[in-house]
Amino acid sequence: MKYFFIFLLIFCNIVFADSKEKRTNDITKNLKCLVCQGQSVYDSDSEFAVSLKLVVENKIQQGLTEDQIYKFLTDKYGEWILYDPKFNKNTYLLWFLPLLILLLGGAIIVKKLIKIKK
Amino acid sequence: MFSEKDFKPKAMIGKNLPNLSSKTLYSEIEKDLKSIAENETFILNVFASWCVPCKVEHPYLMKLKEQGFKIIAINYKDNPSNAKQFLEKYQNPFQEILLDPKGSLAINLGVFGVPETFIIDNNFKIIDKHIGPINENFFQKVMNIK
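Chains A and B, in that order, are what the protein sequence lines are.
Under this note's numbering, think of the first position of the first sequence as 1, with each following residue one higher.
Under this note's numbering, think of the first position of the second sequence as 1, with each following residue one higher.
Next comes chain B alone, as it looks inside the complex (with noise of 0.2 Å):
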């Protein structure tokens, strides 16, 4: 019935997102994803430096800011230093970056691997989420939000 490697787990479509919080990459203060979100609807998206697909979708995530999307990030299992030169080549899509560096704020959102994306609702409900690298599909989807 099921393929596993076509398993793609969304059992937390509907859920409420949890209030993960953390250390942001830039600066050394513990933030927490509600705060950041400030009660506007959201993309959350997982990355890391050394993730290849995720070099691929960030043009969409760059398209993404430039439509006036918040966009905020947890940093999965990553060399903060490494991030911080990702994105100084690849240019800064996030409004934050939360760090995860032991992959438990990744755990309690569900994700299994990196890259995958959140839409959040203002209501800090999860309303879609899309595993590996953003297509022009999700990409429509989340553009026709607005």
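Looking at chain A on its own, in the form it has when it is part of the complex (with noise of 0.2 Å):
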């Protein structure tokens, strides 16, 4: 019996640090390492990637959600660093801007159509 919780409170450990790590990388995956060009803090090796994989470590070991993770970072860095953003006031445009230029440059499109078939 005494082998038999040694052997669940093992395997216990291995599933939840495979499910940690699991999600360290899913919230990593989503930060851009802001002193690399392009990479994520997942992908990077900078000192910047280490210390942040490191800290949202120690969240998800606080019992942070992921909410409250991108929260904290967007609290420090902006927006910027999540290559996912939220949609809120802050990111508008971000989100609409492309949509825009598509309708401006459908409109200006359409227009000069019309003039030609004039």
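Keep in mind the hints are simulated off the structure, nothing from the lab.
Treat the hints with care, as some may be off.
As the list claims (entries may be wrong) - Mimicking DSBU-like on lysine-lysine, the simulated pairs with C-alpha atoms at most 35 Å apart in a straight line are:
hint : chain 1 : residue 1 : chain 2 : residue 2
1    : A       : K53       : B       : K146
2    : A       : K117      : B       : K15
3    : A       : K59       : B       : K102
4    : B       : K141      : A       : K32
5    : A       : K53       : B       : K15
6    : B       : K15       : B       : K34
7    : B       : K125      : B       : K55
8    : A       : K59       : B       : K77
From the two separate chains plus the hints, produce the assembled complex.
Laid out in structure tokens, this is it:
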């Protein structure tokens, strides 16, 4: 019976450790390494990325949710640190600008086509 | 719109400084920023002995110390004996130096490299931040606080 509990303890530690590692990986894949060109924190070995991975791990250990960790980091670095920024009043322009440019471009093309047809 | 290499995150400006604590360079005692600051305006400088631009800006820090500014340092991802040698060689402008061996204090400050320097008012609010070595512009900005 004693060995069963020891086995169960070791098994649970492995499963939960994997799950924490997966959560760290998922979060850091969505964080930009601000000292690298185009790399995520997950992919980077820079001092900044190494420290940030550690902070994310600690926050997960403390029981913070993914959203709480993103909020913590965007408070420090701004929405820019996220590859996938949340939709809020600070990011309306970011989300809508491509669509606005598309619509504007489309309107210009349609106007030109109408002019040519006339 | 943005060039990533030109991006300088300043999201912390206007916010309260986190009251970070750590062991200090010259003692094993843990201290926190609020108790060192004692409700005064101060400069917070993040540096490392291995950081070349930190050597470039160091004379400005010494001038600020001579002008009576309180300067607190975060020693970022450094070897303490190397940090002590650095300060012996270039002189020590810092009232206190908190150790940040893993860089977690720096992350809490929104720092992404060294050196970075903050101006903190007597209400513990971050009023300005400079990324990179202190230059004449920023030095004058600090001097105008007095």
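Hints and how they fare:
1. Simply put, A/K53 and B/K146 have alpha-carbon atoms about 39 Å apart, too far for the 35 Å limit, and the pair is violated.
2. Among the hinted pairs, A/K117 with B/K15 is inconsistent with the structure: their alpha-carbon atoms are about 58 Å apart, more than 35 Å.
3. For the proposed pair A/K59 and B/K102, the alpha carbon gap of about 15 Å is at most 35 Å, so the pair holds.
4. Restraint check for B/K141 and A/K32: satisfied, since their Cα atoms lie roughly 31 Å apart, inside the 35 Å limit.
5. Between A/K53 and B/K15 the CA atoms are separated by roughly 24 Å; this keeps the pair inside 35 Å, and the hint holds.
6. The suggested pairing of B/K15 with B/K34 holds, with an alpha-carbon distance near 15 Å, which does not exceed 35 Å.
7. Of the supplied pair hints, the one linking B/K125 and B/K55 holds, its CA atoms being roughly 27 Å apart against a limit of 35 Å.
8. Of the pairs offered as hints, the one joining A/K59 and B/K77 holds, with about 20 Å between alpha carbons and a cut-off of 35 Å not exceeded.
Consistency with the previously given hints fails for numbers 1 and 2, ordered from lowest to highest.
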